[in-house]
Amino acid sequence: MQFHVNGFHRGNPEIQKVAKGFEGEQGELPEKLDVLIIGSGPAGLTLAAQLAQFPEIKTRLIEKKDEPMYLGQADGVSCRSMEMFEAFGFAEKVLKEAYWVNETHFWKPDISDTNKIVRDAKVQDVKDGISYMPHTVLNQGRIHDLYMEVMKNSPTRLEVDYSHSLVSVSFDKNDSEYPVVVIIDCNGKEKTVKTKYLAGCDGARSIVRSAIGGELHGDREGQAWGVMDVLVKTNFPDLRFKNIIKSSKGNILLIPREGGQLTRIYVELDKLENRGDSKNITLDRLKEAASEIFAPYIFDVQETAWWSVYEVGHSVTNRFDDVEANLTGDSNPHVFIAGDACHTHSAKAGQGMNVSMGDTFNLGWKLASVLLGKCDASLLHTYSDERQLAAQGLIDYDHKWARVMSAPVDNKAVNVKSHFIEGGRFTAGLTVKYQPSILTSQGTHQVLASGFIVGERLHSAPVIRLADAKKIELLETIKIDTRFKLYIFNDRSNPNCKESAVYKLCNYLENNPNSPILKYTKKGDALDSVIDTYGIFQQVHQEIEFEEIPSLLRPAIGVYGLKDYEKAYCPNYKEGENIFDLRGVDKDKGCILIVRPDQHIADILPLDAIDDLENYFRNIFLEK
1 MQFHVNGFHR
11 GNPEIQKVAK
21 GFEGEQGELP
31 EKLDVLIIGS
41 GPAGLTLAAQ
51 LAQFPEIKTR
61 LIEKKDEPMY
71 LGQADGVSCR
81 SMEMFEAFGF
91 AEKVLKEAYW
101 VNETHFWKPD
111 ISDTNKIVRD
121 AKVQDVKDGI
131 SYMPHTVLNQ
141 GRIHDLYMEV
151 MKNSPTRLEV
161 DYSHSLVSVS
171 FDKNDSEYPV
181 VVIIDCNGKE
191 KTVKTKYLAG
201 CDGARSIVRS
211 AIGGELHGDR
221 EGQAWGVMDV
231 LVKTNFPDLR
241 FKNIIKSSKG
251 NILLIPREGG
261 QLTRIYVELD
271 KLENRGDSKN
281 ITLDRLKEAA
291 SEIFAPYIFD
301 VQETAWWSVY
311 EVGHSVTNRF
321 DDVEANLTGD
331 SNPHVFIAGD
341 ACHTHSAKAG
351 QGMNVSMGDT
361 FNLGWKLASV
371 LLGKCDASLL
381 HTYSDERQLA
391 AQGLIDYDHK
401 WARVMSAPVD
411 NKAVNVKSHF
421 IEGGRFTAGL
431 TVKYQPSILT
441 SQGTHQVLAS
451 GFIVGERLHS
461 APVIRLADAK
471 KIELLETIKI
481 DTRFKLYIFN
491 DRSNPNCKES
501 AVYKLCNYLE
511 NNPNSPILKY
521 TKKGDALDSV
531 IDTYGIFQQV
541 HQEIEFEEIP
551 SLLRPAIGVY
561 GLKDYEKAYC
571 PNYKEGENIF
581 DLRGVDKDKG
591 CILIVRPDQH
601 IADILPLDAI
611 DDLENYFRNI
621 FLEK
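In full-length UniProt numbering, the protein residues as written are 1 to 624.
Do not take every clue at face value.
As the list claims (entries may be wrong) - DSS-like mimics (lysine-lysine), calculated; alpha carbons at most 25 Å apart, straight line:
hint, residue 1, residue 2
1, Lys479, Lys624
2, Lys504, Lys523
3, Lys127, Lys96
4, Lys122, Lys574
5, Lys58, Lys624
6, Lys152, Lys96
7, Lys504, Lys433
8, Lys400, Lys417
9, Lys173, Lys191
10, Lys433, Lys127
11, Lys20, Lys58
12, Lys20, Lys122
13, Lys93, Lys17
14, Lys65, Lys233
15, Lys249, Lys152
16, Lys249, Lys417
17, Lys108, Lys96
18, Lys194, Lys32
19, Lys233, Lys249
20, Lys471, Lys522
21, Lys93, Lys127
22, Lys587, Lys93
23, Lys470, Lys563
24, Lys400, Lys127
25, Lys108, Lys127
26, Lys58, Lys173
27, Lys574, Lys587
28, Lys20, Lys194
By construction, these hints were calculated from the structure, which means they are not laboratory data.
A quick note: this is a predicted structure, and the numbers were derived from the prediction, not measured.
Could you build the full structure based on these sequences and the hints that come with them?
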């Protein structure tokens, strides 16, 4: 973290300098906006926290509820979401507060007495090496708090507008700049707002989805599950492990919660004959069912913090934007939906909040890039193209896992443990792979770095920062902004040598008029404001002189022209963690890794593939 770039910074470095015009109270909704976000759930807050970083973009987030969420709903945070939180700057807080899911235990009926359960197996929850982040559990309300802290500490000091309900959405084809017309009930008073872009993060009964003609397609299984967060007296030995319990009396998913004593219990209930039957299920019935399933162990609930009943269903919408509906007269999208507005599912795979946040982590940088004039609006088509496939993957997996969880205990063909292990990468959030597009290449040079998969998220590894010998994860260099990353993995040559591959490449990037950095960066802006370049060298860090590496990797920044010390790295030889070996980078040839602002790998290129590098960015950025 560098926070003295533009002068000495006192106090909390997370609190950014307030931008001009944002010093006072947020005030009423303006008549015109760049982006209006509906709904302050995980999807809406992920988007708002990104856009709040840009004072040039007029953003507001409205919520029909009167106050923030405090209890209930989602709590599982996947490894991938933890990696994403790193970009927002609050991963460490989650790591400190959350419960870490280290093992999952499996229980089955005792063959000597099928009314009782016995432990069947213990399985490591997350396979070694697939992520440097753990699978965690933290109340969704606390996740919301952390996002709102990011917003409040941003240059715009963005806050949620509570007690603001969406009434209707319409379109004005005669207004190409602000084509979306929204009527909002603001504490009982209706107001009309026109916006360039509308993001519907307003849940499964989304008004925004209906406005663009979207429909949820899927099925309901008629299977009721109850869920409760409880403080319980019990002699069950595995209460602080995640447990999947299959018994003759029904099934339970047990998830320990943060704080040491709180436990979440998902309890399988009876098949439902009609919609609405779940409303007749009481808390006492949940407790009774859980007590029967836990036999022979005592399960005595002392306090219930929250409970609910839901019916298992799986659905995905037929559209994620308004293009097909042709409502604005523009071939580019202006309305987007995300989160539960796009996909509904059971809670047992623990993916809903995670996939919802992934939706708007994908959308945020794209909206900002277009509104800041860096990219053409056609870029926004990639949101629907990429996230609809991700949502379908969620539904397909959830459908399969829900069937496994609800299968009769005597069904020998269903091995819960095997299905759990097979789905490990999915539940960790690591199977999303964006298909070839203007943003993602065909992966022609994948062989140069076999462990960095084009289209997938950057699989981080430890590195040593050259300037101060600090060990960090490579992914820590990516923060919430619109910048693409160039990671130059040098060949075996010494980066202090002006004839080395990295020196020649950096010289081109910094000085050649055809360089994407010079071509797409506004005059007067920092050289890394559009494309941010890093060097990863093969030598031990003590063997390299920082002042003799390419100047692009030690640029002058800020009002005083101070040096940036965080763009050059080496392998972690001391602990035997060589990023070149861990990620299959060709040591003889090296490579260029292009990484998108959402941490996904766009392309891998040879160190001398200048034409390919120019062509890639030519399709994305607008020339300055």
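In ascending order, which of the hints set out earlier in this document are inconsistent with the structure? 4, 7, 12, 14, 15, 17, 20 and 22
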